[in-house]
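Undergrad: One-letter residues, chain by chain:
Protein chains: 2
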Amino acid sequence: MIAGTEWIVDANGCRPEALQDLGLLKAVFRRVVTDLQLQVVDEILWHQFPPPGGLTGMALLSESHLTCHTYPEFGLATINLYCCRSRPEWPWAECLRDFLGAKAVTVHAIERHAATPDLPSLRHSLQFALAKES
Amino acid sequence: MIAGTEWIVDANGCRPEALQDLGLLKAVFRRVVTDLQLQVVDEILWHQFPPPGGLTGMALLSESHLTCHTYPEFGLATINLYCCRSRPEWPWAECLRDFLGAKAVTVHAIERHAATPDLPSLRHSLQFALAKES
Chain W
1 MIAGTEWIVD ANGCRPEALQ DLGLLKAVFR RVVTDLQLQV VDEILWHQFP PPGGLTGMAL
61 LSESHLTCHT YPEFGLATIN LYCCRSRPEW PWAECLRDFL GAKAVTVHAI ERHAATPDLP
121 SLRHSLQFAL AKES
Chain D
1 MIAGTEWIVD ANGCRPEALQ DLGLLKAVFR RVVTDLQLQV VDEILWHQFP PPGGLTGMAL
61 LSESHLTCHT YPEFGLATIN LYCCRSRPEW PWAECLRDFL GAKAVTVHAI ERHAATPDLP
121 SLRHSLQFAL AKES
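Chains as they are written, first to last, in the numbering used here: chain W, 1 to 134; chain D, 1 to 134.
One or more hints might be untrue.
[What the hints assert, rightly or not] Covered stretches of chain D, going by a simulated chain W footprint (3 or more residues, C-beta under 8 Å):
1. 4-10
2. 33-47
3. 60-71
4. 77-84
5. 102-112
[Said to hold, decoys possible] With beta-carbon atoms standing in for the labels, derived distance ranges:
6. D:Lys26 / W:Gly23: 30 to 36 Å
7. W:Pro50 / D:Glu73: 18 to 24 Å
8. W:Glu17 / D:Arg31: 36 to 42 Å
9. D:Leu22 / W:Glu43: 25 to 31 Å
10. D:Pro50 / W:Glu73: 39 to 45 Å
11. D:Trp90 / W:Gln48: 27 to 33 Å
12. W:Gln37 / D:Arg85: 22 to 28 Å
13. D:Gln48 / W:Arg30: 23 to 29 Å
14. D:Arg15 / W:Asp98: 44 to 50 Å
15. D:Glu17 / W:Arg31: 36 to 42 Å
16. D:Asp98 / W:Glu89: 26 to 32 Å
17. D:Pro91 / W:Gly23: 27 to 33 Å
18. W:Pro88 / D:Glu89: 20 to 26 Å
In short, the hints are calculated from the structure, not lab data. Positions of the beta carbon are idealized from the N, C-alpha and C atoms, including for glycine.
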């Protein structure tokens, strides 16, 4: 039995200044929460690491969790969404391009299992190239 | 370039009452944090869902995050540890057997990437059966 899906999203080629912009990261969270009709429990936890560090955001959801870590030095944002209820696929790549300037986004969807699975639980792994490499 | 490893751990066959015991779940977090020398930033967020619901815990780490969700109705605990620094493998199965009575534990280790990977990023996937099925 499947006890939810975890989306593991790595966004590369992001603008370093976007990855240090708390307002932008909050906007990404709002977009995900609104579009996927998630319920945030309590306050969302945010932490800004000293420059040149990035940001961490963690939302405890009634559906499980949403987290984000940014690495301005690598142009990288890593996001997890774990949903114990079924959710439609969502345009991670386009959203992260629009908000953070991402040029390549990898999305893994992994099923979490109640009872040991007989099948590999990597549901799919997708890569999106959003702009030509220079 | 690898920007850390995520361990996705599903523990099945746990004692339902253990999965509703906040003290036990806090002890699991303490064990992970201490053994792997992680640094917790701020307070750990805990939420107890109304019975027969389970517990959620989220720790913001300077190394990324540690989360846990429990599903007493399925005997299931789902844990994520995301570490942007290298960490040794750790005896998840034995720990979750000892604390929660887990009978089968699945551990996926996934590498998070700065720059789109050429190789599949599922590093390994292990299953541990801790007790014979009755």
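Undergrad: So, for every hint listed, does it hold in this structure?
TA: For each hint, the structure was consulted:
no., hint, verdict
1, 4-10, "holds (count 4)"
2, 33-47, "holds (count 4)"
3, 60-71, "holds (count 7)"
4, 77-84, "holds (count 4)"
5, 102-112, "holds (count 5)"
6, D:Lys26 / W:Gly23: 30 to 36 Å, "holds (33 Å)"
7, W:Pro50 / D:Glu73: 18 to 24 Å, "violated (43 Å)"
8, W:Glu17 / D:Arg31: 36 to 42 Å, "holds (39 Å)"
9, D:Leu22 / W:Glu43: 25 to 31 Å, "violated (19 Å)"
10, D:Pro50 / W:Glu73: 39 to 45 Å, "holds (43 Å)"
11, D:Trp90 / W:Gln48: 27 to 33 Å, "holds (29 Å)"
12, W:Gln37 / D:Arg85: 22 to 28 Å, "violated (35 Å)"
13, D:Gln48 / W:Arg30: 23 to 29 Å, "holds (26 Å)"
14, D:Arg15 / W:Asp98: 44 to 50 Å, "holds (46 Å)"
15, D:Glu17 / W:Arg31: 36 to 42 Å, "holds (39 Å)"
16, D:Asp98 / W:Glu89: 26 to 32 Å, "violated (38 Å)"
17, D:Pro91 / W:Gly23: 27 to 33 Å, "violated (42 Å)"
18, W:Pro88 / D:Glu89: 20 to 26 Å, "violated (35 Å)"
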